[in-house]
Amino acid sequence: MISASEYIAVLLFGMSFFAFLFYLLSWRPVILLSFFFIIFTLAWRMSDTMFIDLAGPVYSSQLVRDIGPGTATIVHSLAYIISLVPFLYYFRSEAVEEWRADAKRNGAMRGERTLSDITFLLSLIFLSFLFFDLVRRGSIPLFHRIERFNYAGGHAHQWMKRYQNFVAFWWGLMFTAEYIRQRHVDWRMLALLLASAVYALLTGNRFSAFYSQSSFFLMPCAAIIALKYRSSEGSLLSWVNRRFASRAARLATAGCLVVAAGVVSLAIYNNLTNVRGFAGDEIWRQAFDRTLIQPSEIGWTSYERVFEGNQTKPSVAFHLLFEDPLEPDRNTSIQYLMLATIGEPRTHEHLSRGFQFAGGFPEIFFELFGPYLAWPFLLGMGCITAALTAYVVRGALQGNYASTFLSLYVLYGFYVMYIGGMLNFATTKTYWIKIAFLAMALLIEASLARVGLPLLPWVIFRMPQSGWLAKLVGPRSRNSS
Amino acid sequence: MNPLPLCSKIVILALLTLCAAGAVWFLCPPGPPVWRMTTIFHIGSTIDPDAVIDGTSSGKGTIEQPRTVIALISTPEFREAVARASEFQQHTAALSRRLVFATLRPHGLDSNYEDVEIDLAAASAADCLAAYRAIARQIERRHTLLLDENAKQLQTAIDDYRERSMQLKKWEDAAIKPDDQASTESDRRRRDLGAAWSESRERLRRLEAAKLALEPTTFPAESEIYVNGPLTNNTARLSAIAGLAILLCVLILTLGLEVRSQGRRAART
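Protein chains in written order, with the numbering used here: chain U, 1 to 481; chain F, 1 to 269.
Please keep in mind that the hints were generated in silico from the structure rather than gathered at the bench. The model shown is predicted, which means the values in this text are computed figures rather than measured ones. It is possible that part of the hints are untrue.
Claimed, not checked - Here chain F is said to cover these stretches of chain U; the calculated rule only asks that three of the stretch's residues, wherever they fall, bring their Cβ under 8 Å from a Cβ of chain F:
{"#": "1", "region": "7-15"}
{"#": "2", "region": "69-79"}
{"#": "3", "region": "82-94"}
{"#": "4", "region": "297-311"}
{"#": "5", "region": "331-343"}
Quick reminder that beta carbons are idealized off the backbone N, C-alpha and C, glycines included.
All chains should be modelled from the sequences, with the hints used to inform the complete structure.
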């Protein structure tokens, strides 16, 4: 058991992280929304680490040992805050004010077809094919009790599985662009997101697919908040209260949340009972392990090794991360952490089955750089991530869609680092090619902006005002600003 | 809402950080120190009698494959057995038991295929050595059984070939009795018996030589083991304070940059 003072310290530091998140939610919502994918994970992990610290010893079925109690929360809470602090600078009010002033608000004229129209059309074709292919193959994972990673599907399914986050991001970007330029809610993009969520449900996904798609969709939507919300108007919560004053709006929001929670619960329950065959108490045990222990167990054992056992081996960590990893094509950080936690044979066994543990951040920094030198590196990573996120939001506001998308592509490497501790993403050639493309896009956009041209235009082409095509598409009234 | 003046922000941040540092310092006293031990043991050798008899190879191998030994030490059952069997000092037993279970790790070595590295941490140097003794006992007991079994197989093969060569010798002696009349058939039989006898002697010689290569698994003497410690458990506390210091610096820097940009904007307007 930990002492009373340590108990208080764990509570204090854990709650201070949540207080910081509450501050972001209330006063810096642009940060929260643009980085929601990672912030949600960090909050979840913080809760789990606190649980292990305070309720330990708790049994971890994956590690086959008891973990906790301890004071890992203190270090992890600080690591998370240090990673988020650079956002306060990059998203300072003055900077957001400047982006807002430069926001591209010129919409399309009547008869003009925009990037979002093309996106909708192509996405509709693709999603239709995706559903058609799912039905054509005859085995729908949700109904045929197939595990999501055992369902191969066709090429379209594989493509969607791989790039669904980027697709959701692009839909979110188009939704944002429509809102900023045309001043209306683009229900088409929301419908596409919903269709994609239904597809994820049918193909046996549980929680992560919905969470990641929604987060990536919301990410560019931070630009709408940047445009609409000013901190001088009070906290976000009071602003939302004013905006969603009607009973219908509140009921609709609450209804959506309830439906989403219900669908996710149903997907998880179906997976545990019908697909994996658990019954009775075992279902709750599995859900409990997956929710409260597994996300933080590797982090907690790493804390125990580094801070309590003084067993850091930076040279070995470096060797296994970058020089001679077990499987160089995958995330080597979690491989090292698994190896240090459960030993070589079990790690090989898991990896050969394509399975790896959750976690990796911030523990890999402490394993690699030691308990003191890790802090500047955590800060550095936070700075780069914040800068790239700022590019995404600024690009969405200013209509620089090429650099916005490429910023996300580069940022994705850092996302993988925050989710799974992966550091070897930076050692691949393709990553540097992405960086080069982003740099080129930024330079070209800056040059073109001087002559008033975008790299990726909003208006793609103009529809003829008469003829069969015009009749087919139908009248569409839009106002340019 | 009026924004706070810069100095107020800095004072608030400094006070908050100071409170956090105070909380870390006073609420998280250093835990008991730990000792850490790393050593390498050598897996003994066995002989495959069939390979020696065939003459295809020396027949030498390890008592147990290193990866099997590593797998064995990695199992929670083995770690649990070591933690239970170790004769820890009474006042540190509980912590050492937990530490040994959590930290005992085996590693294969690239440089030497027959060696395995083990490292562990315990609450005292004596406890490290106690855990080390327990590990050595368990592995040695297991390997002694395997080695004995292999030695028995080898001895059986030696006895067999010794008996066989004696029998052949007897037959050969019988075949070259002085009163025998020389004939092609008896010459051939004598030659065959001679060849079989010398071959069997050669195999016997190889088996006896191979027997000398049998070696048990050896652990270094306790006097040769370096136990690193006491490693104070102040790491978490000092690391957290280092983190807080960085946090404060960053926040002040952020405020400074904000002020600078405000100044520039004011100058522009």
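Do the hints match the structure? See the list:
no.: 1; hint: 7-15; result: holds (count 4)
no.: 2; hint: 69-79; result: holds (count 5)
no.: 3; hint: 82-94; result: holds (count 7)
no.: 4; hint: 297-311; result: holds (count 10)
no.: 5; hint: 331-343; result: holds (count 3)
Of the numbered hints listed earlier, not one is contradicted by the structure.
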